[in-house]
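*Asks:* One letter stands for each residue in the lines below.
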Amino acid sequence: MNSTGNDIVSLNAIDITRTRQQRFYSKILAGSESILYNQYQDDLAFETFVWILWSVKESAYKFLQRTNPNLVFSPTRCFVTQLEIPVEYQILNPSISILEGMGFDGHPACKSIVTVGSETLYSSSIITRGFIFSVVSRDNDFESTGWGIKRIDDAGSDNQSAEVRTFLLEKLKKELPLHQLQVHKNAHGCPVLVNGAEKIDACVSLAHHDHWVGYSYQLDSVMA
Amino acid sequence: MTKEEILNELKKVIAPYTTNKEMLAGIDDNTDLIKDLKINSANLVDIIIDAEAKYDIEIDYDSADKMVNVGNCIAVISEKMKEKNEQHG
Chain A
1 MNSTGNDIVS
11 LNAIDITRTR
21 QQRFYSKILA
31 GSESILYNQY
41 QDDLAFETFV
51 WILWSVKESA
61 YKFLQRTNPN
71 LVFSPTRCFV
81 TQLEIPVEYQ
91 ILNPSISILE
101 GMGFDGHPAC
111 KSIVTVGSET
121 LYSSSIITRG
131 FIFSVVSRDN
141 DFESTGWGIK
151 RIDDAGSDNQ
161 SAEVRTFLLE
171 KLKKELPLHQ
181 LQVHKNAHGC
191 PVLVNGAEKI
201 DACVSLAHHD
211 HWVGYSYQLD
221 SVMA
Chain B
225 MTKEEILNEL
235 KKVIAPYTTN
245 KEMLAGIDDN
255 TDLIKDLKIN
265 SANLVDIIID
275 AEAKYDIEID
285 YDSADKMVNV
295 GNCIAVISEK
305 MKEKNEQHG
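Chains A and B are the protein sequences, given in the same order. Residue numbers for the first sequence follow the working numbering, beginning at 1 and rising by one. Residue numbers for the second sequence follow the working numbering, beginning at 225 and rising by one.
Hints were generated in silico from the structure; no laboratory data involved. Being a predicted model, the structure only gives us computed values, none of them experimental. It is possible that some hints are incorrect.
[What the hints assert, rightly or not] Keeping only pairs whose Cα atoms sit at most 30 Å apart, straight-line, the calculated DSS-like set for lysine-lysine is:
(1) A:K27 to B:K262
(2) B:K235 to A:K174
(3) B:K227 to A:K111
(4) B:K262 to A:K171
(5) A:K185 to B:K290
(6) B:K308 to A:K27
(7) A:K199 to B:K259
(8) B:K259 to A:K171
(9) B:K235 to B:K245
(10) B:K278 to B:K245
(11) A:K199 to B:K262
(12) B:K259 to A:K173
(13) B:K235 to A:K27
(14) B:K236 to A:K27
(15) B:K235 to B:K304
Modelling step: build the complete structure from the supplied sequences, incorporating the hints.
*Replies:* Here it is, written out as structure tokens:
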């Protein structure tokens, strides 16, 4: 079964000093992953590196939790084994408030490979001055992965949750000829798409942090 | 420390990371940090680090993975405090 998983980290909401402390980052990075930073240390702040890996791992967890509801999120047991960061990795436009796409061609995305147990997954991450947004897929090309990022004014937790659902549904209503689309959570807290009383065979993932929300989706089986 | 004392201190550890103060006041063992208290997952490591500092304990990876609800947080903190006290005789 296919799946999708995403995560977004607001860079204005993280504690930079704390992130740089070994006591903190050692609870996110596996020992072997520190080596990945060596080749990027002149161009990439360490705290950005830590939160890229966090967002990749959280996305991988969401991807796998859909089919393995009892999976426990354990960042140090997710291993990022490869990390490719483009030279101009950061989107510098400070006024960016919405980004949406299908796949990541044309975007300066960071690419990585992450393994969790026997599973190997691929990730693409968009980085700006404001956020890190990651999506995980089983395929490296992300051709059938839709994604979106939006800045919201009200960062209250209830509003974050409402805004990300509205944002995703506005997009999906353009993609699917369905008029009663809603996002529900299943018994394991995983978001599922329904149209009225009918469950839609599509995978969606939601993320929010501070003033940023993001979604990813896979519609292959619905569109087939 | 009794379970109730740990719970009261745990509320102070969690407080900076939740805006749901009403729910925080009434938390019990089953309260889920993310689903019920709306704590962002990115702050779970903060809570573990703050708990380590508050109780002068070290929380290993296996134990940290369990700290997703209040009951498990109390159990882990209680266990680590007991281990510390045994080591210090």
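*Asks:* With reference to the structure, classify each hint as holding or not holding.
*Replies:* We went through each hint and held it up to the structure:
1. Proposed proximity of K27 of chain A and K262 of chain B is supported: the alpha carbons are some 21 Å apart, at most 30 Å.
2. Of the supplied pair hints, the one linking K235 of chain B and K174 of chain A is violated, its CA atoms being roughly 44 Å apart against a limit of 30 Å.
3. The hinted pair formed by K227 of chain B and K111 of chain A fails the criterion: a straight-line CA distance of about 45 Å is larger than 30 Å.
4. For the hint pairing K262 of chain B with K171 of chain A, the CA-to-CA distance comes to about 25 Å; that is within 30 Å, so the pair holds.
5. Taking the CA atoms of K185 of chain A and K290 of chain B, the gap is near 22 Å; set against the 30 Å cutoff, the hint holds.
6. Under the criterion of a C-alpha separation no larger than 30 Å, the hint pairing K308 of chain B with K27 of chain A is consistent with the structure, at around 20 Å.
7. With a CA separation close to 22 Å, the supplied pair K199 of chain A and K259 of chain B stays within the 30 Å bound.
8. Our distance criterion of 30 Å between C-alpha atoms is met by K259 of chain B and K171 of chain A, whose separation comes to about 25 Å.
9. At roughly 10 Å between alpha-carbon atoms, K235 of chain B and K245 of chain B fall within 30 Å of each other, so this suggested pair holds.
10. Restraint check: the Cα-Cα separation between K278 of chain B and K245 of chain B comes to about 20 Å, which is no more than 30 Å; the hinted pair holds.
11. At most 30 Å may separate the alpha-carbon atoms for a hinted pair to count; K199 of chain A and K262 of chain B meet this at roughly 26 Å.
12. For a cut-off of 30 Å, the pair hint linking K259 of chain B to K173 of chain A stands: about 27 Å separates their Cα positions.
13. At most 30 Å may separate the alpha-carbon atoms for a hinted pair to count; K235 of chain B and K27 of chain A meet this at roughly 22 Å.
14. A distance of roughly 22 Å separates the Cα atoms of K236 of chain B and K27 of chain A; the hinted pair therefore holds under the 30 Å criterion.
15. For the given pair, K235 of chain B sits about 18 Å from K304 of chain B by alpha-carbon distance, which is consistent with the 30 Å threshold.
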